[in-house]
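Here the protein sequences come in this chain order: A, W, V and U.
Note that our numbering gives residue 75 to position 60 of the first sequence, counting from 1, and the numbers run on in steps of one.
Note that our numbering gives residue 498 to position 41 of the second sequence, counting from 1, and the numbers run on in steps of one.
Note that our numbering gives residue 866 to position 364 of the third sequence, counting from 1, and the numbers run on in steps of one.
Note that our numbering gives residue 149 to position 94 of the fourth sequence, counting from 1, and the numbers run on in steps of one.
Any given hint could turn out to be false.
Quick list of in silico lysine to aspartate or glutamate cross-link-like pairs, EDC-like style, CA-CA up to 20 Å [said to hold, decoys possible]: (1) W:LYS738 x W:GLU581; (2) W:LYS738 x W:ASP670; (3) U:LYS145 x W:ASP639; (4) U:LYS121 x W:GLU581; (5) U:LYS96 x U:ASP86; (6) W:LYS738 x W:ASP639.
The following residues of chain V were derived to be distant from chain A, with all beta-carbon distances above 10 Å [to be verified]: (7) THR512; (8) ALA553; (9) LEU561; (10) ALA645.
Rough simulated footprint, nothing fancy, chain V against chain W, three-plus residues with beta-carbon under 8 Å [what the hints assert, rightly or not]: (11) 486-494; (12) 549-556; (13) 678-692; (14) 744-758.
Please keep in mind that the hints were generated in silico from the structure rather than gathered at the bench.
Using N, Cα and C, we set each Cβ at its ideal position, and we do this for glycine too.
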Amino acid sequence: MDLPVLDHLFALTGALLVGLGLCGFIVLRHPLRQLLAVNVVGAGIFLILGGLGRGGSGTDPFPQALVITGIVVAVALTAFGAAMILRVAAEPAPENRQAGEDAGETR
Amino acid sequence: MTAAFDILLCVMILGTAGAALFLRDPLAAIVFLIVLGNLLGLAWLTLDAVNVALAEIAIGAGVTGVLLILARARLVALGDNVVCEPMPLWARLGAIALCAGFTAVLSCVVLSITPDSGLTARIEALMPRIGIENPVTGVLLAFRAYDTLLETFVLLGALVAVWSLGPDTAWPHPPAALRIFDPGLRSVAGAFGRVLLPMALVMAAYLVWAGSDLPGGAFQAGTVFAGGLLLAAIGGAIGLPRADSPALRLVLVLGPLVFLMIGLAGAVLGRFLLFPDGTAKMLIVTIEYALAASIAVTLALLVAGSPATPDKQD
Amino acid sequence: MSPIDLLVVTPLAFMILAILAGNRANWLVPAIMPVMAGLSVWLVLLPHDAAHVVGGWELPLGILLRADGIARLMVPATTVCFLAVGLYARSELLPGPGGGSARSQTFWPMMYLMWAGTNAGFLTTDLFNLYVAIEMVSLAAVAMAALGSLQAALRYFLIALVGSLAYLMGVALLFANYDTVDTTLLAGIGRPDLATRFALAVMTAGLLIKTALFPLHGWLPPAHAAAPAPASALLSAIVVKLGFVILVRLWFEAFPESAGSAVMHLLGGMGALAVLYGSAQAMRQDRLKPLVAYSTVAQIGYLFLAFPLVAGAQHPSGAWAGMMLHGVAHMLAKAAMFLAAGLMLKAAHGDRIADLVGLARAMPITVTAFGLAAVSLMGLPPSGGFTAKFLLLHAAIEQGAAIYAAVLVIGGLMAAIYLFRPLAVAFSGSDMPAVETGAPLRAAAPLALAVIAIALGFAGAAAVDLLVAASPWANEAHSPPEAVQ
Amino acid sequence: MTWLDYAVIVLLFTGVFFYAAGSLGLVRFPDASSRLHALTKADNVGLGLVALATALHWGSPAIAAKIFAVWLFAIMAAGMTAQLLARTAKDDDEARDPP
Chain A
16 MDLPVLDHLF
26 ALTGALLVGL
36 GLCGFIVLRH
46 PLRQLLAVNV
56 VGAGIFLILG
66 GLGRGGSGTD
76 PFPQALVITG
86 IVVAVALTAF
96 GAAMILRVAA
106 EPAPENRQAG
116 EDAGETR
Chain W
458 MTAAFDILLC
468 VMILGTAGAA
478 LFLRDPLAAI
488 VFLIVLGNLL
498 GLAWLTLDAV
508 NVALAEIAIG
518 AGVTGVLLIL
528 ARARLVALGD
538 NVVCEPMPLW
548 ARLGAIALCA
558 GFTAVLSCVV
568 LSITPDSGLT
578 ARIEALMPRI
588 GIENPVTGVL
598 LAFRAYDTLL
608 ETFVLLGALV
618 AVWSLGPDTA
628 WPHPPAALRI
638 FDPGLRSVAG
648 AFGRVLLPMA
658 LVMAAYLVWA
668 GSDLPGGAFQ
678 AGTVFAGGLL
688 LAAIGGAIGL
698 PRADSPALRL
708 VLVLGPLVFL
718 MIGLAGAVLG
728 RFLLFPDGTA
738 KMLIVTIEYA
748 LAASIAVTLA
758 LLVAGSPATP
768 DKQD
Chain V
503 MSPIDLLVVT
513 PLAFMILAIL
523 AGNRANWLVP
533 AIMPVMAGLS
543 VWLVLLPHDA
553 AHVVGGWELP
563 LGILLRADGI
573 ARLMVPATTV
583 CFLAVGLYAR
593 SELLPGPGGG
603 SARSQTFWPM
613 MYLMWAGTNA
623 GFLTTDLFNL
633 YVAIEMVSLA
643 AVAMAALGSL
653 QAALRYFLIA
663 LVGSLAYLMG
673 VALLFANYDT
683 VDTTLLAGIG
693 RPDLATRFAL
703 AVMTAGLLIK
713 TALFPLHGWL
723 PPAHAAAPAP
733 ASALLSAIVV
743 KLGFVILVRL
753 WFEAFPESAG
763 SAVMHLLGGM
773 GALAVLYGSA
783 QAMRQDRLKP
793 LVAYSTVAQI
803 GYLFLAFPLV
813 AGAQHPSGAW
823 AGMMLHGVAH
833 MLAKAAMFLA
843 AGLMLKAAHG
853 DRIADLVGLA
863 RAMPITVTAF
873 GLAAVSLMGL
883 PPSGGFTAKF
893 LLLHAAIEQG
903 AAIYAAVLVI
913 GGLMAAIYLF
923 RPLAVAFSGS
933 DMPAVETGAP
943 LRAAAPLALA
953 VIAIALGFAG
963 AAAVDLLVAA
973 SPWANEAHSP
983 PEAVQ
Chain U
56 MTWLDYAVIV
66 LLFTGVFFYA
76 AGSLGLVRFP
86 DASSRLHALT
96 KADNVGLGLV
106 ALATALHWGS
116 PAIAAKIFAV
126 WLFAIMAAGM
136 TAQLLARTAK
146 DDDEARDPP
């Protein structure tokens with residue numbers, strides 16, 4: 016089996032993951048599901064980076080390190096996003112408290 | 458044979474991703490995201506990237522999965538059942554067409570780039586100067602230590618940001634308890650947590666130590682210990698700390714602080730983050746142990762969430 | 503030791519100190535002021551093109567930090583803004599009698615994180631390092647926006663996340679294509695192939711989302727208008743500028759060959775529409791902070807309207823100086839305006855423009871600051887805004903770009919109309935409303951910022967010389983990109 | 056191929072068979088307790104066999120020890136989750152139709 020596409024197999028899978036995740040982000044209307052979709056897009060980007068860094072002498076450690084950094088940043092942002100979604104859900108009252116919004120906010 | 462395995466793996470990855478995105482039941486979707494994370498870990502193993510595989514399974518599947526399951530459970534408790542209103546058909550078709558077009562172009566772009574080992578040779582040539590064997594740790598903590606330094610502050614900042622979201626009445630109380638309330642369930646989970654916590658500590662220490670020469674490192678180790686902490690908290694073996702506890706804050710900033718101090722010591726000697734010859738390994742391992750401790754506590758508290766008003770607990 | 507590192511390390515160290523200090527974190531502001539001011543001066547005094555790799559690891563593995571012209575300009579300007587905002591926030595976020603609130607403890611680490619992130623972004627030449635810097639800034643920015651409106655912050659967060667991922671995808675493709683993510687290396691080897699074009703397209707789209715250029719601006723007005731005044735000031739003045747600076751680096755420094763005239767005019771056209779749309783929306787607002795927020799949408803437009811003028815000029819130094827000066831003038835004036843607006847709204851009984859009646863008598867210093875900031879934003883002489891718009895207009899006329907010239911003039915007129923309204927109301931009325939006078943430092947902060955924005959205009963010639971010396975074309979023989987002609 | 060290789064192959068296939076049987080049970084059995092019954096028992100046997108096969112294949116005591124640790128953790132986690140699932144399922148059933 017030496018189809019040329021096999022060299023690109025994981026990178027192409029990554030590209031399709033990005034596409035799927037993007038589609039999910041647009042179609043899903045709940046922020047938690049969108050957060051999940053963003054994670055899928057991120058995983059796809061990482062897989063592109065890894066798949067294209069694999070050549071004759073192994074997988075390049077450089078993109079591997081970038082991916083690990085990316086995964087950690089992604090989980091930090093996911094945690095913050097989830098906390099924010101929970102807070103928005105806990106306060107369903109619309110946020111347009113009109114008068115003195117700013118004055119009240121910062122005290 | 459391997460090609461067949463790779464293709465099967467990629468098909469499973471895409472199928473799982475589809476399920477994680479488009480299943481109607483949110484809990485099932487999150488479970489499929491966890492499965493996706495594990496399959497991606499396998500893909501990274503296939504690519505000989507064991508460090509990434511560990512990070513992907515521990516963080517991408519493990520922590521993210523727990524985080525989303527917990528968020529969903531709390532949303533359901535608030536009366537939001539996390540089900541999306543379906544979009545009108547034309548909008549869905551439009552979105553699908555748009556993404557299909559985008560994916561097609563992206564695939565062409567990916568195919569136009571020849572995979573190569575890139576900087577592998579350069580990195581191998583420089584590794585003897587650091588005195589460790591794992592090239593990924595070398596990139597993370599020597600060549601690109603500056604990225605990693607900033608990233609640890611992103612993690613710390615995320616926790617402070619999560620704290621800032623708590624309602625005014627909640628500060629500085631601990632997050633809503635993670636522990637199981639049913640006494641029978643809790644006794645099982647608690648016993649498990651008590652057994653696992655020391656084991657997780659040992660394993661984390663080993664992962665950092667091994668990380669200089671074998672796959673592993675501060676992030677993977679921190680995540681493993683964070684998992685132990687979370688299980689212990691779920692079983693009620695440990696409680697969650699208050700946000701203003703000085704001891705907690707000291708642990709949280711320990712890793713970034715040690716990293717920053719060692720970087721500044723290098724600056725005094727000539728360059729920020731310079732490791733003098735012969736000391737690189739010692740300094741890297743020091744940084745990694747401090748980082749692993751901070752990362753473990755930070756990740757566990759990120760999962761636990763914002764401070765909660767006390768009367769809502771129990 | 504070099505200020506290039508310390509400008510990032512110092513805010514990070516203060517972030518740690520702020521976390522450890524808890525309720526006493528506001529005492530750190532006076533401590534960081536002289537340090538950062540000194541480091542900024544040191545940065546400006548560095549020899550031209552001072553640069554070094556972190557830890558002594560050479561490119562392409564290491565990360566190159568560099569004090570180029572843009573950094574020399576933007577870092578001191580952000581320092582001034584952060585210092586003023588820090589002083590303002592210090593008196594606003596004093597912990598109450600019953601101990602601190604979450605806000606008074608978490609604002610400071612977030613502010614220092616944002617500060618470190620912007621400085622890291624201005625000083626690095628590495629595209630992946632920039633990604634981490636962008637995330638530092640975005641995280642802090644969303645957390646600050648969430649102090650005002652959680653819903654607006656959540657929307658901002660999700661959109662910013664997509665923007666970051668688009669940028670990250672571009673970085674991934676560039677690395678796979680060139681085995682480096684350093685702009686100085688890419689500048690030598692960039693080739694206009696499919697992968698590069700696509701990477702540039704997605705990165706630009708992602709950064710435009712973060713910079714809120716029309717029509718990707720939807721998240722900005724609610725988030726910036728609802729946040730507390732110091733947060734709004736940082737968001738509007740500084741956060742959106744980081745994306746702009748990265749775009750400038752990308753198009754004019756790393757890939758000048760790819761900067762075809764079609765791309766430049768696309769960005770310029772979006773910028774022109776942003777000026778008109780943002781101004782029109784600002785004119786329709788009847789509340790003060792949304793007005794100022796829509797003014798940001800309009801003012802960002804000028805930054806991108808300048809792209810085709812810089813790319814198309816025979817001697818891009820004039821247009822370049824105009825673009826950069828506008829960035830700095832807007833940064834200072836907008837920070838001043840949001841801080842002044844915060845004080846005015848605290849004194850007034852509502853958040854509508856009509857509620858500002860008589861404030862000019864009650865709080866003359868604050869209204870003066872608002873007025874001076876407005877002068878710079880309108881582009882009236884003498885002000886930094888005027889010099890910037892004059893340089894841009896000059897370049898547009900020289901190139902026969904009638905549409906851009908017309909937008910520059912019309913945008914200035916519209917700004918005059920929408921900014922005159924709150925001022926006219928503040929000066930109207932005969933009786934003086936009773937206003938509690940806050941800490942004097944709080945009123946001084948916006949005034950100082952506005953005065954510096956005006957002073958940029960007086961120092962016009964010197965500033966322009968500095969900016970021309972700072973352009974990527976200053977030292978090199980090569981003229982602007984040849985693709986554009 | 057030595058006898059060891061044959062042993063490894065036999066162990067692997069038996070292990071995979073148990074996994075397949077467990078998964079089939081998970082899909083086909085009607086209620087939570089019988090599904091758990093299929094999954095936990097069959098999968099633990101499958102895991103043990105696969106772990107044994109891997110240890111034999113590598114033939115190094117150090118690696119065998121690590122694989123043993125992996126097996127131990129997996130068994131512990133499976134045991135605990137099965138307990139939790141079973142108790143929760145029982146509570147749910149009792150809540151749905153009280154005895």
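Structure-based check of all given hints:
no.: 1; hint: W:LYS738 x W:GLU581; verdict: 16 Å, holds
no.: 2; hint: W:LYS738 x W:ASP670; verdict: 10 Å, holds
no.: 3; hint: U:LYS145 x W:ASP639; verdict: 12 Å, holds
no.: 4; hint: U:LYS121 x W:GLU581; verdict: 28 Å, violated
no.: 5; hint: U:LYS96 x U:ASP86; verdict: 16 Å, holds
no.: 6; hint: W:LYS738 x W:ASP639; verdict: 48 Å, violated
no.: 7; hint: THR512; verdict: 23 Å, holds
no.: 8; hint: ALA553; verdict: 21 Å, holds
no.: 9; hint: LEU561; verdict: 12 Å, holds
no.: 10; hint: ALA645; verdict: 7 Å, violated
no.: 11; hint: 486-494; verdict: violated (count 0)
no.: 12; hint: 549-556; verdict: violated (count 0)
no.: 13; hint: 678-692; verdict: violated (count 0)
no.: 14; hint: 744-758; verdict: violated (count 0)
Taken one by one, the earlier hints fail for this structure at numbers 4, 6, 10, 11, 12, 13 and 14, listed in ascending order.
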